[in-house]
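Given the coordinates of chain A, work out where chain B with the ligand should sit on it, guided by the hints.
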Amino acid sequence: MEILVLLKQTFDTEAKITVKDGHVVDDDVTLVINPYDEYAVEEALKLREAQGGAVTVVSVGTDRVEEALRRALAMGADEAVLVEAPAGADELTVAHALAEWASAKQWDIVLAGNVSVDSGAGQVALRFAEVLGLPHVAAALKLEVGDGKAVVHRDAEGDTEVLEVTLPTLVTAQQGLNEPRYPSVPGIMKAKRKTIARVTPAAPVAAATVVQSVFQAQQNRRNTMIKGSPAEQAQQLVQLLRGEAKVV
Amino acid sequence: MGHFIFNDTHDTLRAEIRRYVERELAPHANEWEEAEYFPDSVFWEMGRLGYLGLRYPEEYGGSGLDYYSAIVLAEEMTRAQSGGVGMAVAVHAEMATPPILKFGTEEQKRRYLVPAVKGKKIAALAITEPGAGSDVSGIRTRAVQDGGDWVINGSKIYITNGVRADFYLVVTRTGDDQWGGLTLFLVEKETPGFTVGRKLKKVGMHASDTAELFFENVRVPDANRVGDVGQGFYNIMWELQGERLIGAATAVAGAERALEMAMKYAGEREAFGRPIGRFQVIRHKLAQMATEIEAARALVYTCAWRWQNGEYPVKEISMAKLFASEMACRVADEALQIHGGAGYMLEYPVQRVWRDSRLLRIGAGTDEIMREVIAKQMGF
Ligand SMILES: Cc1cc2nc3c(=O)[nH]c(=O)nc-3n(C[C@H](O)[C@H](O)[C@H](O)COP(=O)(O)OP(=O)(O)OC[C@H]3O[C@@H](n4cnc5c(N)ncnc54)[C@H](O)[C@@H]3O)c2cc1C
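Listed in order, the protein sequences are those of chains A and B.
Every position in the first sequence, counted from 1, becomes a number in our numbering once 45 is added.
Every position in the second sequence, counted from 1, becomes a number in our numbering once 4 is added.
Only chain A is shown next, with the shape it has when bound in the complex (with noise of 0.2 Å):
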């Protein structure tokens, strides 16, 4: 079984985000797999365990995203190929400059996050599949795959729909799918051994959309602590919702 697994670099999700000249400042953050694509490579790995084949991880971006892909060799995934990222790229540029270069192999499953928990904008995947005229499925929390079909169970906004779809396919990944492997220290150093495939896109697609500001909201949170015994505690709550919040 051939897997393919699209994956993108995030920042850590506890990292503390800095914007400068309507840029997010990333030189000091610790920047890792983006969470929801960790599921969906741990996923590839679980498929390849149970059905053989091979993982492989792709990614569009910079140098600094062969970190990203040496975790999940790391992890366990066989290649890892780094499409390098064209100048002013949206996510109909990446998706395209996926495509471009998944459609030159012919895969059994696509698996993707759900999401990235950067920008938020659960495009990607969804194009990809659009581009290439793949079936697909979001927000796995289980998957099945056998006899040329998969069976999924999808988050649909709390509820559980259970679909069935024929491969090839591309599915994303919901929280829930799994629970990510730890790299072991041997996967570690045979990862820092294993070459990155390089490809530049030929026929890049210009992005549809502009960003026009970046800027950090402004959270005004304030803490109160309530002490005491419970009853007093139940009767401060309600004296702060009331006199207060405003809210009852």
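Don't take each hint at face value.
As the list claims (entries may be wrong) - One side only, chain B facing chain A, incomplete, derived with CB under 7 Å:
(1) T16
(2) Y24
(3) L53
(4) G54
(5) S67
Because the hints were derived from the structure by calculation, they are not lab data.
Bear in mind that the values here come from a model prediction, so they are computed numbers and not experimental data.
Beta carbons: idealized from backbone N, C-alpha and C, even for Gly.
Chain B with the ligand in isolation, oriented as in the chain A frame:
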């Protein structure tokens, strides 16, 4: 951590260990401290990930990395927020098992080292006795040869992993010569005559199990003797150098955790209308703590570099162990002081660092013994 002893591989390793420790160990710290135990499955998982065999050769299931990788593990383990967890792992991977690789037979490596590296068997090191701690030459637990076997009688105390271990590397007396009469043996827990006594209550390091061990006509085959008869003292002294260096690295990293807590608190807590970190007294305390941490770190890394490059710098390792341990206690004490009353409350984590750090000045050779070693090396 930008330092010349570390390369790209160490950085990756550090990031991965940190991720594991912060996600899988730290969230359980309070629970494990309270239970005065943590599950053996931590060893299984760390073994599976390769963390227990970083610098063991690949033929024994390790990753064949350098000594610096062991320093990285020791440093990152302080993020488990429970000194006892880090200590248990350090005793297993860096204290009880290195002598097997260095002095053991091929059969011993297969039987004990390989499963220890995998985390399937847990190891302990039993030197200290009720009557002999600092004075290793005063060891009285006796091993007497009987045909192809040895029969061991005596007791050990304060043994880390003592309750949970599957096997023990035990220092015994086999001859009357003060230093030349000690020999090392591997004893399996199930051996008839061997019993684990009380699990001892401690000031700190609560998640680690510390036990008494009793040996009553414990019969082990000569195949379980590690190193030559009469070489036990010298082999343990070799082991202690690595142990002290790991201890020193742990002390520096632990102090760093205490400083982080102090800085956070000093930035948040207000008194007399300003954050306490704006008072010069507190700022200078923080500056002093940071300075002492850096000085200790430089000494530890220099020793690690010399050790890695084949030197045996007993004097400087003793200095590193001494300075880092005392420094860690000073820093933890100042960190607690900066927290005021909150520092004395169990709900704040700084008290745990303060309690855990105190052991550093006692275990693996007390401050006083370190000064004795240094003075002797100086010719006094
Ligand atoms: C939590 C914990 C875990 C431990 N884990 C282990 C373990 O896994 N394996 C193991 O074998 N041991 C272990 N130990 C034991 C530890 O190594 C000893 O406690 C330590 O070496 C000191 O020995 P002692 O307790 O007998 O003190 P003593 O040797 O009795 O010392 C008492 C005091 O006298 C001082 N003193 C002794 N001799 C001299 C001298 N010549 N000059 C000046 N002062 C001197 C000491 O510095 C100390 O202040 C552990 C101890 C603790 C507390």
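Among all the numbered hints in the text so far, which are the ones the structure does not match? Nothing - there is no hint that the structure violates, so all of them hold.
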